[in-house]
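Participant: The lines below spell out each chain.
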Amino acid sequence: QKEVEQNSGPLSVPEGAIASLNCTYSDRGSQSFFWYRQYSGKSPELIMSIYSNGDKEDGRFTAQLNKASQYVSLLIRDSQPSDSATYLCAVSNFGNEKLTFGTGTRLTIIP
Amino acid sequence: DAGVIQSPRHEVTEMGQEVTLRCKPISGHNSLFWYRQTMMRGLELLIYFNNNVPIDDSGMPEDRFSAKMPNASFSTLKIQPSEPRDSAVYFCASSRGHTTSVGTDTQYFGPGTRLTVL
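In order, the protein sequences belong to chains X and S.
Taking this note's numbering, the leading residue of the first sequence gets 1, the next gets one more, and so forth.
Taking this note's numbering, the leading residue of the second sequence gets 112, the next gets one more, and so forth.
Next comes chain X alone, as it looks inside the complex (with noise of 0.2 Å):
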């Protein structure tokens, strides 16, 4: 079992709907949980990061964290075609800088 699980996709949305991402992971002593979207041939760059149960809100973006279920998720309003990329989830242990990232889920937003 991967450590940190999401569906490769590819997830398609239409345009100005709700995208939903989703990512599981195994260990339980995981503390903090990060959203990296990256564009083809280009970096990560920090979405989101959420620490504790519930929701985080950003603009258009939510974070939802469940530790019961070890399921973190992301929500994106009103997708946009620049939202399409690759949405990758990372966790860490708690007091370790060392991430683990999932494979990742490719969006593409449909105009």
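Calculated from the structure, these hints are not laboratory results.
Cβ coordinates follow ideal geometry from the N, Cα and C atoms, glycine included.
Derived DEER-like restraints, expressed as beta-carbon distance ranges:
| hint | chain 1 | residue 1 | chain 2 | residue 2 | range |
| --- | --- | --- | --- | --- | --- |
| 1 | S | 163 | X | 55 | 35 to 45 Å |
| 2 | S | 182 | X | 14 | 47 to 57 Å |
| 3 | S | 181 | X | 75 | 39 to 49 Å |
| 4 | S | 123 | X | 98 | 24 to 34 Å |
| 5 | X | 59 | S | 116 | 26 to 36 Å |
| 6 | X | 59 | S | 192 | 41 to 51 Å |
| 7 | X | 41 | S | 181 | 23 to 33 Å |
| 8 | S | 170 | X | 68 | 23 to 33 Å |
| 9 | S | 127 | X | 16 | 47 to 57 Å |
| 10 | S | 123 | X | 67 | 43 to 53 Å |
| 11 | S | 127 | X | 18 | 43 to 53 Å |
| 12 | S | 217 | X | 75 | 16 to 26 Å |
| 13 | S | 164 | X | 9 | 37 to 47 Å |
| 14 | S | 127 | X | 22 | 35 to 45 Å |
Listed below are the simulated DSSO-like cross-link pairs for lysine-lysine, each with C-alpha atoms no more than 30 Å apart in a straight line:
| hint | chain 1 | residue 1 | chain 2 | residue 2 |
| --- | --- | --- | --- | --- |
| 15 | X | 98 | X | 42 |
| 16 | X | 42 | S | 179 |
| 17 | S | 135 | X | 42 |
| 18 | S | 135 | X | 98 |
| 19 | S | 179 | S | 135 |
| 20 | S | 189 | S | 179 |
| 21 | X | 67 | X | 98 |
| 22 | X | 56 | X | 67 |
| 23 | X | 98 | X | 56 |
| 24 | X | 98 | S | 179 |
| 25 | S | 189 | X | 42 |
| 26 | X | 56 | X | 42 |
| 27 | S | 135 | S | 189 |
| 28 | X | 98 | S | 189 |
Facing chain X, a subset of chain S residues (Cβ under 7 Å, in silico):
| hint | residue |
| --- | --- |
| 29 | 142 |
| 30 | 154 |
| 31 | 156 |
| 32 | 167 |
| 33 | 202 |
| 34 | 215 |
| 35 | 220 |
| 36 | 222 |
Following the hints, position chain S against chain X.
Facilitator: Only chain S this time, still in chain X's reference frame:
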């Protein structure tokens, strides 16, 4: 503010040659990370440093790989001898290096070095 700087951006070499990748972290950041990204294995951490000291090198694939951080503003990742299976994009990232009861600091990635070993 300058981000993480990596050089070269592209490297094409022949099998058996030595390859050196370079990274300058964001000023004031105390932790530096080297990652490798391939289609098959995704993004993998190779090694990370905190205050110039290697903390975790468990991801370094084999003795052909070595990394150094002689000072707070410079790090190298060396592959000697290189092999075709080393072809990948190598990213350097840096962070402030703080881990608290809340969580871990964000890592900021450089533009990457695309390595092709023929």
